[in-house]
Each structure stands twice: as structure tokens, then as C-alpha cells.
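*Asks:* Here are the chains, one letter per residue:
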Amino acid sequence: NAGVTQTPKFRVLKTGQSMTLLCAQDMNHEYMYWYRQDPGMGLRLIHYSVGEGTTAKGEVPDGYNVSRLKKQNFLLGLESAAPSQTSVYFCASSYSNPYGYTFGSGTRLTVV
Amino acid sequence: AQSVTQLGSHVSVSEGALVLLRCNYSSSVPPYLFWYVQYPNQGLQLLLKYTSAATLVKGINGFEAEFKKSETSFHLTKPSAHMSDAAEYFCAVTSNRDDKIIFGKGTRLHILP
Numbered sequence: 013n014a015g016v017t018q019t020p021k022f023r024v025l026k027t028g029q030s031m032t033l034l035c036a037q038d039m040n041h042e043y044m045y046w047y048r049q050d051p052g053m054g055l056r057l058i059h060y061s062v063g064e065g066t067t068a069k070g071e072v073p074d075g076y077n078v079s080r081l082k083k084q085n086f087l088l089g090l091e092s093a094a095p096s097q098t099s100v101y102f103c104a105s106s107y108s109n110p111y112g113y114t115f116g117s118g119t120r121l122t123v124v
Numbered sequence: 000a001q002s003v004t005q006l007g008s009h010v011s012v013s014e015g016a017l018v019l020l021r022c023n024y025s026s027s028v029p030p031y032l033f034w035y036v037q038y039p040n041q042g043l044q045l046l047l048k049y050t051s052a053a054t055l056v057k058g059i060n061g062f063e064a065e066f067k068k069s070e071t072s073f074h075l076t077k078p079s080a081h082m083s084d085a086a087e088y089f090c091a092v093t094s095n096r097d098d099k100i101i102f103g104k105g106t107r108l109h110i111l112p
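Chains as they are written, first to last, in the working numbering: chain R, 13 to 124; chain U, 0 to 112.
Since no wrong hints were added, every one of them can be taken at face value.
Under the rule of at most 30 Å between Cα atoms (straight-line distance), these lysine-lysine pairs were calculated in the DSSO-like manner:
hint: 1; chain 1: U; residue 1: Lys48; chain 2: U; residue 2: Lys104
hint: 2; chain 1: U; residue 1: Lys68; chain 2: U; residue 2: Lys48
hint: 3; chain 1: R; residue 1: Lys69; chain 2: R; residue 2: Lys83
hint: 4; chain 1: U; residue 1: Lys104; chain 2: R; residue 2: Lys26
hint: 5; chain 1: R; residue 1: Lys21; chain 2: U; residue 2: Lys48
hint: 6; chain 1: U; residue 1: Lys48; chain 2: R; residue 2: Lys83
hint: 7; chain 1: R; residue 1: Lys69; chain 2: U; residue 2: Lys104
hint: 8; chain 1: U; residue 1: Lys68; chain 2: U; residue 2: Lys104
hint: 9; chain 1: U; residue 1: Lys67; chain 2: U; residue 2: Lys57
hint: 10; chain 1: U; residue 1: Lys48; chain 2: R; residue 2: Lys69
hint: 11; chain 1: R; residue 1: Lys82; chain 2: R; residue 2: Lys21
hint: 12; chain 1: R; residue 1: Lys21; chain 2: U; residue 2: Lys104
hint: 13; chain 1: U; residue 1: Lys67; chain 2: U; residue 2: Lys104
hint: 14; chain 1: U; residue 1: Lys48; chain 2: U; residue 2: Lys67
One-sided and incomplete, this derived list gives chain R residues near chain U with beta-carbon spacing under 10 Å:
hint: 15; residue: Gln18
hint: 16; residue: Tyr60
hint: 17; residue: Glu71
The hints are simulated quantities; they were obtained by calculation from the structure and are not laboratory data.
Since the model is a prediction, treat every value here as computed from it, not as a measurement.
Don't be surprised by glycine CBs; every beta carbon is placed ideally from N, CA and C.
So here's chain R without its partners, still in its complex pose (with noise of 0.2 Å):
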């Protein structure tokens, strides 16, 4: 089992650019998330989706938009990047709350 795989791993944008990240999951789950985790900051919730084509905000969803058309996909679309987006984003999902998360491995992005 691949579980949850996020694509791509690294990127450098430049200010103002758009682009999609895109995670994937063959396990299942009716729930995703995408987090983003800066130093001393933790994971915060950027959006997330209880199943497909359902999407719901986070703790930080401004400059981000998701979308969940198919039950194995999450995209997460910036629109224009800012180097306030520069961070490592994760994405999870899970077959239910409260059963925990299976993570992918991470996308670093950097906005120059």
C-alpha cells in the first residue's frame, strides 16, 4: 500500500505564481486534511473534507482553496503566492474522526 502520497515533495515559487499540490490516498478514507507546519508553530488546519465533494475551512485557510472531486484526491490550489506561504505542507486522511491519521511525507515550498 502506497497510504497517503503527496505530490510534488519540493517546489520554489515565485511571488505571485499559482499552483497545486496534489495528495493522494488508496486506503479508503472518507476524511482528508491539509496542514501546514512552520518552526514553533505546530500543524494548523488549513481545509479539510469529510467526504468527496464536501470541503470546510481550517485554522488558516486564507490564500488557499481545496478541491476534493474524487474520494482518493485533495488539491490544495494557491492562487498567488506569498512568502508568508513558504512552509512544509502535510496532507492526511482517515477513515473516520476519531481514528487518527495517516500522513504523507510532506511538500516543502518555498516562495521567493
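Given the coordinates of chain R, work out where chain U should sit on it, guided by the hints.
*Replies:* Okay, now just chain U, sitting in the frame of chain R:
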């Protein structure tokens, strides 16, 4: 609203010594509590979880945690530290009424030879 507070952003212990990482939670409903570990340049892995069964929870790699409602704590322990335990550890909370987990800010564990 639920929250967790991890006491100490950095903890150093000698190899072979007791590991104690502290976590206090706040929840208005019965909580479910987790400890995750993150090794360098990797994602988070579940160490153990408390879901209202036994208050002493055993996890992987010799770690365990005890749920103490009276102290609103869920501290993580390991009797004897190993160099391979060096990592960042995250405490987290949720409930059966929520659809997301709230993470603490993390504690980086350093093992001294």
C-alpha cells in the same frame, strides 16, 4: 473549543534515562488523545491513542501514556531513552463530536550520549 498545551518546546535526556514529555488538554466533552512522532524530513506517525478505554495506553517503540482526567493530562513516557528516539513529538486532541484533530506545537526530544 479543544486545545492541547505541550510543556517544553525542547527536552534533552541522556541515553538510557527516563523520557517524559508533558501534554495538558482542554476539552468540554470527553476527549480522544493522541501522540504522534515526526522524524527529520518525514511525515507524522501515530505513536499511541486514547479513546476512552484503558487509561494507560501502550504504543510503539516502548512508549506509553496515561490519561488523567483530574489533571487534564496525557503525558508520554518511555523508561529508557535510545538515540533513535530523537525526534519531534506532537500531542493532539479530538472528540467523537468533531471531524478534525487539534495538534499541539510539538516538543523536540534530544538524546544525549
